[in-house]
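Here's the letter readout for the chains.
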Amino acid sequence: MNLRFSPVRFKSNSTAAALAVAAAVMLVPANLLPVLSTETSGYNRSDTIFSGTVELWRQGLWVIATIVFTASICIPLFKLAGLGWLLLSVRHGCPHDSRRLTRTFAVVDFVGRWSMLDVFLAAFLTGLVQFGEFSSVQARSGIVAFAAAVVLTVLATHAFDPRVLWPTPAKVSPNTSRP
Amino acid sequence: MGSDVNLTCRLCGHKHRPIRLAPGERALCARCSTVMATEGRFGPEAALVFSITGLILALPAALLPFVIAGKLGDERVCRLFTGVGALWDNGMRTLAVLVFLCGALLPVALLGAMAVLHVPACLKWHTVNIPSLPRIVHILEHWAFPEVQVLAVLIALIKLGGLVDLTVGPGFWCYCAMAVSLVLAQRSFNSELCDPAPVPCRTDAAP
Ligand SMILES: [Zn+2]
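Protein sequences appear in the order of chains A and B. Take 1 as the starting number for the first sequence in this note's numbering and just add one per residue. Take 1 as the starting number for the second sequence in this note's numbering and just add one per residue.
Hint data in this document are derived by calculation from the structure and do not stem from the laboratory. A couple of the hints might just be wrong.
Pairs of lysine to aspartate or glutamate residues, derived as DMTMM-like cross-links and limited to a Cα-Cα distance of at most 25 Å, are as follows [claimed, not checked]:
hint	chain 1	residue 1	chain 2	residue 2
1	B	Lys159	A	Asp47
2	B	Lys159	A	Glu39
3	B	Lys15	A	Asp97
4	A	Lys11	B	Glu141
5	B	Lys71	A	Asp109
6	B	Lys71	B	Asp165
Here are the simulated distance ranges between beta carbons [said to hold, decoys possible]:
hint	chain 1	residue 1	chain 2	residue 2	range
7	A	Phe50	B	Ile158	13 to 21 Å
8	A	Ser46	B	Asp74	19 to 27 Å
9	B	Leu72	A	Arg45	39 to 47 Å
Some but not every residue of chain B turned toward chain A, in silico, with C-beta under 8 Å [what the hints assert, rightly or not]:
hint	residue
10	Cys12
11	Phe42
12	Gly73
13	Arg76
14	Cys78
15	Val84
16	Arg93
17	Leu95
18	Leu98
19	Leu106
20	Lys159
21	Leu160
22	Leu163
23	Thr167
What you are looking at is a predicted structure, and each value in this text was computed from that prediction instead of being measured. From the three backbone atoms N, C-alpha and C, an ideal C-beta is built for every residue, glycine too.
With the hints as extra help, turn the sequences into a complete structure.
Dropping the structure here:
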């Protein structure tokens, strides 16, 4: 869906930078603290995002492990790296490759939502697996930090105004249409 | 029937002359190639139909069982909000609210907002002028993640396959259908309806 608006308000690249830094800070506890603890027949185990992914891999669930690793580790880092690159390009004067930077912003904006995968997964497992001492799953504090990091990266992307990537004022052109 | 649109690229701010889009066509920015507008392939009513379908499906998705899990004779029925409730009871209330918003409330609100935008045009009523509605739709789009929740549930089912006995309930299928309806409604969305105060096409602004 594409919407038309009057010029974007409430956009500020310094706000985007502050939110991106806050997200980077939150990613530290998100990756160090356990996100889930599992109890199965008296055996207790706590997993961080990374150790949970490794465990999935060890169980032979390679596709699932790859999806979780991509959504929970690669995408947040890619988003922060992408935003950092965009903000630095703007800070160092007129960006020389506006087209590529705009595409980077579009990709960063698009992929961000998939980081919420681990948050939904933790919520669903916590709700479903409650069989007392036989089997139970509990969400741990790491998932709160991770959710905060995801929300902050989404807010940082929203706060960034991609129009500053273009050096010249907007002119009127004919569109190109494509089926 | 096509429509005239007068567009400013949301990514680079480049302004464009009006163009008539045929069904299924997209208008691309001349400067950065971003898709600025699409004309639905199934006509203007499609977005309304998909939005209402999604809204109808949201009710059974919320009420019917998502997954039924069994272990050693014990059975547990999980619904859409069971995870939210478990997080809330665990003391993770902010996280519970976030999951509730992104996975349930905001997708429904987005479907509702798209339906409200399309009803007057499809039923030939006078356009209801709610200036903030297009902006609300845009914000909701960025925070409604039903497709991510669908993937999370599928991953959970595969992960738990050897641990507990699982039966997928009708609530989950309704939720999947609602997520698909939302995507189809977004793809059929007529951007022309999003201008709260349509301005005449500025052909005179051409260079
Ligand atoms: Zn553009």
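Each hint tested on the structure:
{"no.": "1", "hint": "B:Lys159 with A:Asp47", "verdict": "holds, 14 Å"}
{"no.": "2", "hint": "B:Lys159 with A:Glu39", "verdict": "holds, 15 Å"}
{"no.": "3", "hint": "B:Lys15 with A:Asp97", "verdict": "holds, 20 Å"}
{"no.": "4", "hint": "A:Lys11 with B:Glu141", "verdict": "holds, 18 Å"}
{"no.": "5", "hint": "B:Lys71 with A:Asp109", "verdict": "violated, 41 Å"}
{"no.": "6", "hint": "B:Lys71 with B:Asp165", "verdict": "holds, 6 Å"}
{"no.": "7", "hint": "A:Phe50 with B:Ile158: 13 to 21 Å", "verdict": "holds, 19 Å"}
{"no.": "8", "hint": "A:Ser46 with B:Asp74: 19 to 27 Å", "verdict": "holds, 24 Å"}
{"no.": "9", "hint": "B:Leu72 with A:Arg45: 39 to 47 Å", "verdict": "violated, 20 Å"}
{"no.": "10", "hint": "Cys12", "verdict": "holds, 5 Å"}
{"no.": "11", "hint": "Phe42", "verdict": "violated, 14 Å"}
{"no.": "12", "hint": "Gly73", "verdict": "violated, 10 Å"}
{"no.": "13", "hint": "Arg76", "verdict": "holds, 6 Å"}
{"no.": "14", "hint": "Cys78", "verdict": "holds, 4 Å"}
{"no.": "15", "hint": "Val84", "verdict": "holds, 7 Å"}
{"no.": "16", "hint": "Arg93", "verdict": "violated, 10 Å"}
{"no.": "17", "hint": "Leu95", "verdict": "holds, 5 Å"}
{"no.": "18", "hint": "Leu98", "verdict": "holds, 6 Å"}
{"no.": "19", "hint": "Leu106", "verdict": "violated, 11 Å"}
{"no.": "20", "hint": "Lys159", "verdict": "holds, 7 Å"}
{"no.": "21", "hint": "Leu160", "verdict": "holds, 7 Å"}
{"no.": "22", "hint": "Leu163", "verdict": "holds, 6 Å"}
{"no.": "23", "hint": "Thr167", "verdict": "violated, 12 Å"}
Hint compliance for this structure: hints 5, 9, 11, 12, 16, 19, 23 are not met, and every other hint is.
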